[in-house]
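Now for the letters of each chain:
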Amino acid sequence: MSRRLPHPWLIAALVLLWLLFNQSLSPGHLLIGTLVALIAAKGLSALRPLPLRIRLSSAIPRLAVIVLVDIVRSNLAVARIVLFQTTRPRASGFINLPLDMRNRYGLAMLAIIITATPGTLWMRYDPAQRSVLIHVLDLIDEDALITLIKNRYERLLMDIFE
Amino acid sequence: MSGWAAHLVIAPILLPLVVSAAMLLFDERRRKLKRWMSFATTGALLAIAIILLRATDPYGVAAAPLVYLLGDWPAPFGIVLVVDRLSALMLLLTSVLGFTSLFYSMARWDRAGPRFHALFLLLLMGVNGAFLTGDIFNLFVFFEVLLAASYGLVLHGSGTDRARAGLHYVAINVATSLLFLIGVSLIYSVTGTLNMADLAARIPLVPREDLMLLEGGAAILGIAFLVKAGMWPLCFWLPGTYAAAAPPVAAMFAILSKVGIYVILRLTTLLFGDGAGRAADFADEWMLFGGLATILYGTLGVLSSQTLVRLAGHYVLISTGILLAALGTGQSTVVAAALFYLVSSTLAVSAFYLIIEPIGRGGEDEVAQAIAEPVFEDEYIGALEEEEDEIGIAIPATLAVLGGGFIFCALLLSGLPPLSGFIAKFAIIDGLLRGDGAVPPTVWALITLIILSGLATVVAMTRAGIDLIWTPTERPQLQLSIVEAIPIGILLALCLALMVQAGAVMEYIERAARTLGDAALYTSAALDAPRAGDGAIAP
Amino acid sequence: MIQAPDLPAWAAIIVGTLVLLGAAITLTGSVGLLRLGTFYQRAHAPTLGTTAGMACILVASALCFSVLQARPVLHEILIALFVTATTPVTLMLLARAALYRDREEQVAAEAAGTRKKGDTDLPA
Amino acid sequence: MEMVIALAIGILTASGVWLLLRPRTFQVILGLSFISYAVNLFILITGRLRTDAPPIIAKGDGVDASLYADPLPQALVLTAIVIAFATTALLLVMLLISRGLTGTDHVDGEDRDQ
Amino acid sequence: MFEEWPLFILFVLPFLGSLAAAFLPTWARNAAAGLAGTIAVVGLAILIALYPSLSGDGVVREQIQWLPSLGLNLQIRLDGLAWLFAFLILGIGALVVLYARYYMSPADPVPRFFSFLLAFMGSMLGVVLSGNLIQLVFFWELTSLFSFLLIGYWHHNQSARDGARIALVVTAAGGVCLLVGVLLLGRIVGSYDLDTILASGDRIRANGLYTPALILILIGAFTKSAQVPFHFWLPHAMAAPTPVSSYLHSATMVKAGIFVLMRLWPVLSGTDEWYLFVTTTGLATLLVGAWSAIFQQDLKGLLAYSTISHLGLITLLLGLGSPLALVAAIFHTVNHATFKASLFMAAGIIDHETGTRDLRRLSGLYRAMPITATLAMVAAAAMAGVPLLNGFLSKEMFLAEALAEHSGTYIDEALPYLATVASAFAVLYSLRFIHQTFFGPPPTDLPRVPGEAPPWMRLPVEILVLACLVVGVLPTLTIGPYLATAVRSILGDQTPAYSLAIWHGFNRPLMMSLVALVGGTILYLIYRKPLNEAKSSPVVGRLKGRKTFEAVMSAIVAGARACEAVVGTGRLQAQLRVLLCIALVAGGLPFVHFGYSLGQAPGTLVDPAFAIVWLIGGACAIGAAWQAKYHRLAALILMSGSGLATCITFFWLSAPDLGITQLLVEIVTTVLLLLGLRWLPKRLPEMWSGNRWPPSVLLRRSSDLAIAIAAGLGMAAIAYAIMTRPPPDSISRYFLERSYTEAGGTNVVNVILVDFRGFDTLGEITVLCIVALTVFSLLRRFRPAPESVKAPVQQRVQNAFDDAHADRKIGDTVADYLAIPRIMMEISFPIIIVFAIYILLRGHDAPGGGFAAGIAMSIAILIQYMAKGARQVEAQLIIRPLRWIGIGLLLATVTGAGAWLLGYPFLSSYFRYVDLPLFGTIPVASALLFDIGVFALVVGATVVVLIALAHQSIRVPRPSRPATDKEEGA
Amino acid sequence: MTGLLLALAITAAQVLLGFAMACAAWRLAQGPRAQDRVLGLDALYVNAMLLLLTFGIQTGRPLYFEAALVIALLGFASTVALAKFLMRGEVIE
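Order-wise, the sequence lines are chains Z, C, L, B, X and H.
Numbered per this note's numbering, the first sequence spans residues 1 to 162.
Numbered per this note's numbering, the second sequence spans residues 1 to 539.
Numbered per this note's numbering, the third sequence spans residues 1 to 124.
Numbered per this note's numbering, the fourth sequence spans residues 1 to 114.
Numbered per this note's numbering, the fifth sequence spans residues 1 to 970.
Numbered per this note's numbering, the sixth sequence spans residues 1 to 93.
Heads up, some of the hints might be wrong.
[Said to hold, decoys possible] Here are the simulated distance ranges between beta carbons:
(1) X:P726 with C:P441: 44 to 50 Å
(2) L:E105 with Z:P51: 39 to 45 Å
(3) X:Y630 with C:P207: 47 to 53 Å
[Claimed, not checked] Sample of chain H residues at the chain L side, in silico, Cβ under 7 Å:
(4) A13
(5) A20
(6) V38
(7) D42
(8) G60
Hints listed in this document are in silico derivations from the structure and should not be mistaken for laboratory results.
Cβ coordinates follow ideal geometry from the N, Cα and C atoms, glycine included.
In isolation and in its complexed conformation, chain Z is listed as follows (with noise of 0.2 Å):
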């Protein structure tokens, strides 16, 4: 993070931002996004945001893979008690969820992640007791839920961001 190129991992998404918004990958744009990235970098720079690193490993992919097929599948379960279970009351409720991630950027893409899936609703985290409150549609075992998670988001969450 030199002083010169402030975030120099947001500068080429942003210039990647503008290319899409663009559509184009003709010099112009490229110079003109450049130009633009830079303007908003300095914008966020201003907000003295966290200090954030991203260790590239395999990490990323699996996880991606991951998110993806458990949203699949939780689309549909999430689907089925909506169109089928009529009158039974679901066992839906609250779990305390412990973490042991700390980095802010991990705990947002964790709850982006939680929120992204249906069933599973990031509530409110609690920094002092390192924990995150979770209401769950579907309750039906706790602790394997609070497992599923750590073992499956968390672990490599903190590989990418810790």
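Please arrange chains C, L, B, X and H on chain Z, whose structure you already have, making use of the hints.
This is chains C, L, B, X and H only, laid out in the frame that chain Z set:
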């Protein structure tokens, strides 16, 4: 007019805009600088208005209006600004009021709240734009500009009354703006154009089955203007709002209701002038009866007003009513007289608003408190204290000056000699009686109401003036600073000049009324105006 | 407004299926919004739309435009990214707010003694 | 389709007018917003109904104007949207000020009736 | 030429003098008096010098162009009648000035007095010298005005203020009537020129407008000359300083009414109406005035009523319509002016010397002031009509006329008797005046010790009394020729033969005079004592003019208030209701007139999804209307639903620009309203449970519902009618065709906004700028309601929770709450910036543009505020929104003005295709710069509005002072 | 033939999305609590975004994509504001 001078047409709009934009770059501490900036601007506006007035009125030539094609797009496609004698006259009137009100505000009112000068100049911009534009939607935009600025200025100085009145004012005018939009879009839906001159050309061609839309649109548009002009029963907001506004603001507002009148006059002569048949008569009838009712209501209000500011507000209604009714009689002999009355009554009301405040001043001073007492701890108040009493030397014989000024105003408002109010009313009545045929009962009613309203004003003003000026009270000595006295003096002197130079002024106004009546002149000037280049600069 | 872009048959079939599928999934989610019993349960429902439903339609759209313009059109991925990144924000904030409000209500009900037996305990 | 839009305009207007006539400032502000929705739609349809014909022309000469929706009402609506936004903001602040100074959110600044 | 210039000087001199006197310092009373006197004397000299040119039917005229288009010019016209009146005005004026110099106390601001007096003199001269009726009215009203100022000169006295007000209102009202009457004459004749009007008597009398014109002119004249029933103002005007009374109420002000009657006598008289109105009024005034004068206890009051009586006499004479009566009237006018002026001055001396004007307290002053007493006695005798004095002569003429046959009505029959009775009354009150004041035992208990007045103060009285005597003894030698000129100027060839001799033989008028003299004396001797006890005059005293006037005035005001309350309202709801109803009627009438019809354009098929969208939008709208009172948040959310439906419609109707803009505005508006919601009060529970609303509420709601439905149906009907019609040939074809070729943009909407109609956009962003400024300055002094000052209940609860737990700090809850979302919201910042720049730059070719980009940018900032709170954001980001606004506005304007350099009008866009190495051929348009200006301004304005609102919660309010508490309590 | 099928499929999808919006709107109007309404609004926005995407497919114009992008990127701001208002009583502290 050629070369750089041609751009003078747009200067009344751009100059205040640029200056106020520049003011935003300085913060509140540079009060003195802002003062000088806006003072110079109003002075320049005055000069520009005079130049335009002369340019539209060359000696012995039947002058076509000056046309300015914005963006160099030909009419009716681009927006045009059109200055004829009437708009030049209104510009001049606005500039005069702007100059005097701003002058007056420098006594202390510009310190009663932040950003006064910028808002004030933008108000001038809006009013000037409304007088200049030749495009009906652009008119809407300028109405919004002037309204937005007036919203801010009504609440300048804050206080409970202002908040209450301001809320009504905003709510009603926002609703009215929506009506304005509906009217404009209805007209567009039938004619497919927004340019006033083009509308005048296209309206006769509208097929009969579309006339309901056209006239419905025109009627709704008319309602929107009548709200602004303050016709009964659309006028109840007006006295309260004007009364709540700070004096220099109210003095400037004197022109706002006249903007409504101006637009009505412009559009009726242009769009529904001779040959438009039913629509014109229809509009006339509404204006006549509405005007009569307005005079009556204003008279009642003048009589029942407890304070001078409310009295002044109701007088504004009377003047609106007189103008509407006089124009609504459809007699061409009365148009010039009505315009003369418009000028005279606007100046008079403005002067009156300015003079009310020093007369009623004394004891508990809300504004002074507001200046001294910020509501929140974090407010910056340094600038307010550094230049206290910089201008504002009290002048001697205050009572005599105020009393004299008050009497002048009373005479002007009630239409008694020897000031221009008398000439104006006399000219209107004379014009009404001038026709050859029998005088219809409505015209008699109008004459009666004009007379009665004048009498009511005399009664109310005498009562109020005696109570305020002659009755000894415990309150401290009246005070008037030079800065306050000069603008009042200018306005009253202008009224006096209108009287002394009535002949010359009337001749000008008659020429203005003639050009106003000549819709073809306006239309051809606006539609055939040459472009500066052959299209945009070619690639 | 029955009209459609001029696509080759294979693409048309894929696009049509995906669009229908996505719409159906979204509808299911929204029905869940109607049918589920408590707020916390309902909060899960729209995620169907923001994940699978959206994905199907976006793929359809990307395919459609790629075929139409004869070049890969990928910017649909932006929508996916943005929606995925922003939905959790709203849901998290909303769920937490709901939790707070329900707690307060529960406290008030307890104070008034009107709390019913069947109500589930909310986490503190 | 015309009927749907006409009814939509009608319902928005009616709701807006009803709210405009209510005694609470917040209701008035909502009412004005509703009416401005209606008015914006109204202005738009003065260019008549055109679907799938946005006025974004191809580069080059020889534009067939009948292929595109009328752009002028759209420009007018855009201006109207901006102005409506501005006045909403102003009215809101106005009502806050009035509420702060008069102690009530009644439009007349005093609670005359419930 | 020689004759004309002096006339003009005569005309303007008093006004110039008035102006000069107004600027004299307060103490300069000698200078002021000298100035006034000089002016009067010079005027008199000019007048006398002009007299020769009037011999025969001569008229001196002078005209100055003033307002030719309305037939109004300054026309000065001097004929015999005018000369006579002008002589009175200036002559008595000069004497009054001299008198006033000694009368007025040095403590008074005397220059102002003389200034008013001179102005009044000028106005009076203006009335008599007018050659144009409008001009006459003009100066007539001026006399009302200056008399108001003179009567109210001692305005610290309540009575002076009241007297002045009554006089002004009555005479100004009369003046207005006169104006209308004159306007009617002008309409009949076609000119206001006096000569023309005087020449068209027959035409006027034959016209249908004659009667209204006559009545109006008479009302004007009668109010001015204090005729019954308008006479009541005159006694109240006695509160004026005595010089004023003696000037205004003897020679000038009241005589203006008489003058107008005489001036228009040739035109208006001679009809039954004239006879009826004028004679009756004159007679009534004569009797009422004389009767009331008898019972006055105030010297000046007595004189005031006697003045009324004498004015009635003159009016009566004029009403008779015979030339001889006219002669008598003119003669009596002059006589009355001389003796009444001197009597007022004498009364003033008495007042001045003794300190009282109460007849009951005065007594035996002859010893103290013999000269004054003698003078007063002579003048009073003239008033009573004692032979060898001028009053006798004109009274004889009056009595002779009373005997003559005029109309054959009952008035004719009764006139001789009534005239005698009135004369007897005149004797009675004159006697009472003299006897009570100067004779009897020495005065006791007076405020001052009486003595003779200074000689200079007596001099005017002496001159006037001398005039009375000389005219009385030698009428033909003194007044004769002047009277003849005056009469000739009115009657011309019809001038009758008359004789001004003292002795006409032992005829009936003389008998009547003697009867009156003897009768009056006897009556005085009998009723001397009871008269002193009288509180008011019997019978007539019941007609309390003043009380009636005040009652009428307050009734008018009360009535006006009541009417205003009925036809006006101060309530917003009522105003909006009226506005909407009128708009409905106005918009609906054309449809009623032309019939509602649909066009033939082919319709489009219903799109089911779109119909569902509007089902939702409509339901949301209705739901919001239903919920808005008690569930503001719900209503707000529902409104967003409708807004979304509107956005979708925009997209669907081929308006992507609108859709995007509306979406963005929607978001900002929601946040804005939420920001405001925090300061609104908690909603109270509904007052009327269920459907049991009070009838008034039910009525109001149902009428509102009716208006709402009518408005909705109306808009729907109009919209439908429009949509079924084929479009007209619109100017937008031009825009579509030139958009790319001449302005270089393919998004026509954006090209219209920044180029074709860029001026609209400039105005629109100005509105935004103004609103931002307004909001900013309004919120600087924002004073929240007391119960809203505290933090919202949620924050208090959560902070209390944090406080109660040992392991938490205050604010932890919110920190935890935002901990994770904040990360995402922070990341969104650069992304939205990129997006904003993207839609800004491509606006010319595709949907987007400066405004949408600006809003998007401000949302980016807004999100940061929501994530971090105002303090933290502002510690990190330095946003100077006002500067953004200023720069944006300047950029837009300067871009527009740049065209000037190339000789093009404002906002002409510069546009060219440019080949750039990396970019290829791209259009470069100055419109883009303009759009960037728009962008900057929109960012600034939106941020100002939102942030100014948001800042309210972090400001620390001052403890309110007691005064503010009171204000809020009220 | 496939063109017609595609058109029908898209239209059917739009109707389905319309119903989805109706469900969300029902939640929005019905409540019962404020958070339900906010949730409804959020769902409404997302469904509208999808509807706009189908418009895009239907017309073959990329214009609608921008609209969807706006909702995706910025639409959450109003929901965040509402949620924060519920939680904290004000939007910006």
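**Asked** Once the shortest beta carbon distance from G60 of chain H to chain L is found, is it less than 7 Å?
**Response** 4 Å, holds
**Asked** Are A13 of chain H and chain L close enough, Cβ to Cβ, to be under 7 Å, as the hint says?
**Response** A13 of chain H check passes; min Cβ-Cβ to chain L is 4 Å, inside 7 Å.
**Prompt:** Do the Cβ positions of Y630 of chain X and P207 of chain C conform to the proposed distance bound of 47 to 53 Å?
**Reply:** For P207 of chain C against Y630 of chain X, whose Cβ atoms are near 50 Å apart, the range 47 to 53 Å holds.
**Item:** Per-residue hint verdict: A20 of chain H, partner chain L, C-beta under 7 Å
**Value:** This interface hint holds because 4 Å falls under the 7 Å limit.
**Request:** Evaluate the given range 39 to 45 Å for the C-beta pair formed by E105 of chain L and P51 of chain Z.
**Result:** Check passed, 41 Å falls within 39 to 45 Å.
**Message:** Please check whether P726 of chain X and P441 of chain C have a Cβ separation lying inside 44 to 50 Å.
**Reply:** Given range 44 to 50 Å: holds, Cβ gap about 46 Å.
**Message:** The hint names V38 of chain H as touching chain L; please verify it with the least Cβ-Cβ distance against 7 Å.
**Reply:** 6 Å, holds
**Prompt:** Can the hint on D42 of chain H be confirmed by a CB-to-CB distance to chain L that is less than 7 Å?
**Reply:** 5 Å, holds
Every hint from the earlier list agrees with this structure, and none is contradicted.
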